[in-house]
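Residues per chain, in single letters:
4 protein chains.
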Amino acid sequence: MPVTAAVIPAPGQAVELRQFPDPVLEPGAVLLRTLYTEVCGTDVHLQHGRLPGVPYPLIPGHINVGTIAAIGGEVTDAFGSTLAVGETVTFLDVHETCHHCWYCLVAKASTRCPHRRVYGITYGADEGLLGGWSEAIYLKPGVKILRLPEGLTAEQVIAGGCALPTAFHAVERGQVGLADHVVVQGSGPVGLMAAALARLAGAQQVIVIGAPNIRLEVARRLGADAVISIEATTPEKRVAAVRDLTGGRGADITIEASGNPQAIPEGLQMTRDAGVYVVVGQYTDCGPVAINPHHDLNRKHLDVRATWGIDLSHQYKALQVMARFRDAVPWTGVISRYYNLDQANDALADIEAGRVVKAVLCPNGCL
Amino acid sequence: MPVTAAVIPAPGQAVELRQFPDPVLEPGAVLLRTLYTEVCGTDVHLQHGRLPGVPYPLIPGHINVGTIAAIGGEVTDAFGSTLAVGETVTFLDVHETCHHCWYCLVAKASTRCPHRRVYGITYGADEGLLGGWSEAIYLKPGVKILRLPEGLTAEQVIAGGCALPTAFHAVERGQVGLADHVVVQGSGPVGLMAAALARLAGAQQVIVIGAPNIRLEVARRLGADAVISIEATTPEKRVAAVRDLTGGRGADITIEASGNPQAIPEGLQMTRDAGVYVVVGQYTDCGPVAINPHHDLNRKHLDVRATWGIDLSHQYKALQVMARFRDAVPWTGVISRYYNLDQANDALADIEAGRVVKAVLCPNGCL
Amino acid sequence: MPVTAAVIPAPGQAVELRQFPDPVLEPGAVLLRTLYTEVCGTDVHLQHGRLPGVPYPLIPGHINVGTIAAIGGEVTDAFGSTLAVGETVTFLDVHETCHHCWYCLVAKASTRCPHRRVYGITYGADEGLLGGWSEAIYLKPGVKILRLPEGLTAEQVIAGGCALPTAFHAVERGQVGLADHVVVQGSGPVGLMAAALARLAGAQQVIVIGAPNIRLEVARRLGADAVISIEATTPEKRVAAVRDLTGGRGADITIEASGNPQAIPEGLQMTRDAGVYVVVGQYTDCGPVAINPHHDLNRKHLDVRATWGIDLSHQYKALQVMARFRDAVPWTGVISRYYNLDQANDALADIEAGRVVKAVLCPNGCL
Amino acid sequence: MPVTAAVIPAPGQAVELRQFPDPVLEPGAVLLRTLYTEVCGTDVHLQHGRLPGVPYPLIPGHINVGTIAAIGGEVTDAFGSTLAVGETVTFLDVHETCHHCWYCLVAKASTRCPHRRVYGITYGADEGLLGGWSEAIYLKPGVKILRLPEGLTAEQVIAGGCALPTAFHAVERGQVGLADHVVVQGSGPVGLMAAALARLAGAQQVIVIGAPNIRLEVARRLGADAVISIEATTPEKRVAAVRDLTGGRGADITIEASGNPQAIPEGLQMTRDAGVYVVVGQYTDCGPVAINPHHDLNRKHLDVRATWGIDLSHQYKALQVMARFRDAVPWTGVISRYYNLDQANDALADIEAGRVVKAVLCPNGCL
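Chains as they are written, first to last, in our numbering: chain S, 39 to 405; chain B, 39 to 405; chain Y, 39 to 405; chain F, 39 to 405.
Everything labelled a hint here was simulated from the structure, so no lab data went into it.
Watch out, some of these pointers could steer you wrong.
Because identical chains share one entry, a pair is satisfied inside a single copy or across any pair of copies.
Straight line, CA to CA, 20 Å or less: simulated DMTMM-like cross-link-like pairs of lysine to aspartate or glutamate [stated by the list, open to error]: (1) Lys146 with Glu134; (2) Lys178 with Glu390; (3) Lys146 with Asp115; (4) Lys146 with Asp311; (5) Lys178 with Asp388; (6) Lys178 with Glu188.
Please work from the sequences and hints to get the whole structure.
Next comes the structure, spelled out in structure tokens:
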């Protein structure tokens with residue numbers, strides 16, 4: 039039976055539904071019937087053709103949840119436990135991290151491995167069903183499959199989506215912990231998840247800066263103690279507001295999750311002397327920005343920790359944390375709307391316009 | 039007997055010699071007969087009035103070597119050993135770090151203590167003989183005095199000057215060690231000392247970028263494996279040259295010691311993915327610079343470690359290291375010329391014009 | 039009016055009440071009317087004379103809460119805000135950390151400063167009212183006084199007592215955070231507070247090992263997910279139980295807070311390969327213990343982080359955390375009983391016998 | 039043509055020469071003609087049967103240098119550069135680190151990967167020519183092959199042997215750097231290499247403790263500033279000697295490379311408060327040892343960092359460092375004697391008796 043997928047044919051073109059032949063599984067591969075996939079900010083950039091090196095036509099959708107429809111022989115999850123048809127799983131979108139090159143083994147910076155490929159981003163539709171906006175996803179041999187931790191639903195896992203492990207990496211790199219005053223710049227899914235995780239990690243105060251108000255309301259529900267709207271404020275006012283909230287000093291740790299280059303100088307100024315500034319939002323080239331190296335860096339004795347990508351540890355641990363705090367955080371509150379596959383263009387438009395916090399696609403139909 | 043000192047009367051004015059009354063020592067104070075003091079890039083900025091909050095008239099000279107001329111009662115060195123008249127010592131220019139405030143005791147970032155004052159920079163001449171461009175220096179009670187380590191001469195210690203502990207802090211913060219490929223941007227005293235220390239710390243390769251050639255020659259003698267002149271190259275060529283020298287990847291650790299904001303984006307690009315970029319040269323506000331947060335930070339997964347000031351550990355350890363490697367490094371090779379006190383304006387002009395690597399003043403006359 | 043204090047006259051002797059003259063305040067000193075003081079395990083050791091270098095007669099009581107009865111001139115809290123008579127405060131028991139010696143300034147290990155003195159432990163009664171088992175406490179000039187954070191009561195602060203900042207230091211040193219499986223060995227106040235803090239820091243699981251059951255019940259209320267009684271188990275069984283609870287691997291981080299040397303090999307075995315073992319409970323010399331360096335250390339690739347004392351950051355941050363999570367944790371649940379000053383011997387006996395979790399003295403009478 | 043190898047038939051039995059068929063290369067495999075292999079302390083333990091899980095009969099020899107005799111198709115070195123017959127190479131003895139399990143990918147502690155196998159130790163002779171005491175070594179597909187860095191000879195590389203990367207790991211874990219006073223316990227190859235590397239990393243002082251004198255003389259030539267013989271001293275005297283050499287404080291960093299459990303308490307006592315103790319020598323179970331957790335750990339606020347195994351980064355970087363400092367260190371001075379394959383029992387006896395510093399086998403005949 040052919041498989042229907044939503045495809046970006048080329049940069050700038052609208053998404054269209056296409057049919058693909060039902061794949062034949064090589065040994066070690068798994069076919070997933072997709073339950074949920076995301077429409078995230080990266081997908082908007084992909085539709086506009088703003089990321090280099092993307093092979094179009096493309097089936098987007100990097101983080102996904104599905105049930106196992108078929109298995110090529112015996113296949114295990116990421117930690118060696120044998121999988122069965124019918125199980126609900128998610129998987130690490132990053133594949134082919136080589137674990138052999140200089141970056142993997144000497145620098146120990148596997149998210150900079152040049153061999154890594156990403157489902158829904160750097161694998162094209164011509165290579166197979168390698169994105170989540172599809173009724174079925176082909177998991178190549180070696181893809182790291184994770185069962186849902188006990189007690190977590192598919193909805194919760196997709197609510198975390200790609201944002202949760204990305205935010206986990208940022209919070210880990212910022213070493214957010216007890217007694218820390220934390221600012222999160224950006225109220226998209228990564229910012230919201232960073233706020234939630236900072237709260238769970240014991241932060242003394244979590245301040246989220248963003249817009250529109252529907253996102254800031256979700257930020258509050260996920261754990262933000264204070265929110266600052268960028269719609270009604272200037273950068274100077276926001277810096278002053280953060281100082282007011284932090285005894286005049288600024289944040290111990292600021293996490294940039296906005297994607298806007300202008301957030302960088304503002305965030306540096308919001309961070310206290312000898313504090314930590316985590317850059318995790320600049321996943322697309324949105325141009326340059328001016329900083330003052332004397333005032334914003336040297337004189338502040340600042341640590342800036344830029345953060346690229348995720349590895350298995352981030353996704354695995356993030357799911358563990360979600361399961362641990364399943365009931366303490368209204369995780370699914372970030373999902374504004376579920377869309378059918380033929381509504382993908384609507385979902386992209388809603389994301390781009392900020393009309394929704396998070397858009398989830400149900401490739402096999404919403405309930 | 040009155041004391042002659044070289045004074046910057048006000049921002050933009052030439053240095054002039056003034057006479058000050060011989061100070062009366064309070065208990066715990068020490069009077070130093072100055073052997074050597076420096077004329078460093080900061081002094082050029084001070085003469086132009088480019089640093090905020092400096093109290094003019096000013097006796098410059100922050101790092102100094104002298105012999106003890108008088109002691110107010112019993113005074114010890116920084117580690118509790120009683121000092122005697124006639125001993126040759128140096129001292130930490132930073133005084134009044136409070137060790138009581140939030141920055142000192144909670145953030146443990148004492149170089150950001152708001153109470154710290156600096157000899158020759160933030161103490162004015164109206165407060166006493168609190169700078170080294172003077173026949174005598176008044177060491178207030180509590181100033182951290184260090185004897186010269188055995189075997190080191192006063193010339194060697196002033197050759198290290200303020201640059202050596204500043205560079206030590208940078209090398210420490212960059213965690214430079216065995217097998218690291220290191221780029222140093224800037225060939226002034228801080229850059230040169232950073233190159234020497236990186237070499238001593240076992241770096242695999244030390245590349246110094248700067249000008250003019252007389253400085254680059256000293257860089258080679260201090261331990262640089264390769265030098266790149268900024269006079270004959272574009273930023274793109276320099277980035278390419280560093281990549282060529284580092285197997286295509288860029289430096290593991292880059293230390294910015296140039297003071298030029300334009301060095302920042304260039305340095306970020308010279309550093310390998312998941313590498314470390316230490317900012318230690320931006321001690322004066324020389325305006326903004328444009329960086330690309332996607333390419334230069336996020337995508338590179340970079341660590342940027344801005345580094346302000348020094349504390350006792352840096353000066354103490356730097357002197358220990360200099361003593362340890364006394365004969366392995368031609369330390370005094372950085373000194374281009376010794377000047378008498380009445381030649382301070384010449385020294386400033388020579389520094390500003392890049393005619394000398396390092397200018398040393400002998401307030402009581404050169405040998 | 040004379041001041042009554044409970045005094046240990048000499049090692050091995052019972053506590054007795056003595057009267058001291060009302061102290062005259064030197065400038066900068068503060069007199070505290072004691073609200074609450076603790077009777078902790080260290081006090082039991084002090085009564086038995088098990089700590090070296092303690093000057094008897096001794097007024098025990100290192101962490102205390104009181105109201106300001108008198109001030110010698112103008113005195114500020116630890117961060118420079120002027121104090122007034124009638125305010126309720128606590129203070130850092132460690133005084134005279136010199137911030138000048140090699141350990142303070144070069145090693146940056148101020149809890150190993152040889153000049154530090156501790157209220158109620160290394161200050162003797164002959165030096166003044168320098169312990170909390172007294173109607174009044176004399177705070178010497180420079181003692182770091184902390185106001186209670188808004189919303190915290192004196193009862194909550196004494197419930198934290200010396201255990202809370204000690205545990206904070208241990209949790210900080212172990213870098214406990216999201217997704218970590220944590221074992222705490224020991225269910226005395228330090229262990230209980232470590233469990234509470236680990237929970238607040240987002241630990242995936244907190245397992246407390248100790249006895250008797252009344253303490254383990256408190257452990258559960260403070261945040262332990264699982265408790266293991268040492269009364270009904272062998273070391274082998276406890277190691278096996280921890281492995282069972284941690285997927286067969288052992289704890290990511292184990293915090294030893296038991297004071298029993300036998301806990302060390304057991305705890306090393308409970309910790310997973312490449313995990314972290316924090317030693318914070320061995321404050322008294324209780325003799326040697328055998329470990330196997332091949333199995334327990336080298337082969338496990340373990341980090342052992344021994345942890346001595348506290349500094350202001352630990353006490354300040356611990357109070358901030360307590361205020362932040364005032365209602366989320368039943369802090370005062372650790373207090374089993376309040377005692378009047380003349381019941382100090384009873385309190386010591388109850389602690390030693392394990393009849394109480396935590397004993398609090400009210401030197402001016404319990405409510 | 040059959041291949042001759044030296045084999046330990048079973049625990050406790052003498053080494054004997056055996057003939058193996060010339061192996062047929064599977065695709066991706068490489069056949070090495072062995073130039074040099076080591077006889078190290080681990081081999082003595084292997085001959086006595088002291089390591090668990092070793093499959094006898096065994097061809098020992100984990101770190102080796104050889105020339106490529108045959109290649110199964112196209113094979114690259116560890117970093118992707120195609121290899122040719124006739125090239126001289128070494129290789130990482132650790133193979134089959136899975137890079138997929140929880141220890142590899144979540145704990146990021148790949149030296150604790152349960153799947154790793156080691157040439158000459160955990161691969162048996164029944165599985166092939168998987169040890170260096172053989173005329174030829176079979177490099178399985180995926181074995182990480184390293185070309186000798188330019189300028190290094192095969193003799194120098196075998197002089198480093200397994201000790202150099204092991205010591206590199208220890209020095210890295212101890213973060214040895216400028217201004218550090220370092221003690222190395224043990225003067226076998228690992229201790230000697232640790233001393234050389236500590237020196238190259240800029241240590242202020244390197245003290246080696248060991249025996250016999252022939253090893254201590256080599257220690258001096260490799261960079262030790264001071265040596266202490268264990269033959270003429272008690273543990274108390276050695277601790278006192280270290281204190282004398284370190285201003286009374288003890289070593290900043292002590293590296294245990296002795297293999298003797300008794301070294302542990304002695305080394306803890308030699309390390310200064312808040313210092314670092316690296317355990318790298320306890321590769322075999324030589325029984326328990328008593329430590330005092332109060333005095334040796336808690337009160338000292340010590341960091342103990344136990345260190346197991348090596349990964350590619352250690353071997354690669356160690357070779358880079360050796361090449362960098364090729365002429366600065368008399369690397370081959372550790373080699374006492376070269377042995378032919380039929381002298382393997384003599385070599386083992388010489389090592390065990392301490393008659394040689396390092397014994398090197400030439401399986402195809404010594405020059």
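Going through the hints against the structure:
1. Lys146 with Glu134: Result: close both inside a copy and across copies, 15 Å intra and 18 Å inter.
2. Lys178 with Glu390: Answer is neither: 31 Å inside a copy and 52 Å across each miss the 20 Å cutoff.
3. Lys146 with Asp115: between (23 Å within a copy, 18 Å between copies)
4. Lys146 with Asp311: between (29 Å within a copy, 11 Å between copies)
5. Lys178 with Asp388: Answer is neither; intra-copy 32 Å and inter-copy 54 Å both fail.
6. Lys178 with Glu188: neither (25 Å within a copy, 40 Å between copies)
The earlier numbered hints that this structure contradicts are 2, 5 and 6.
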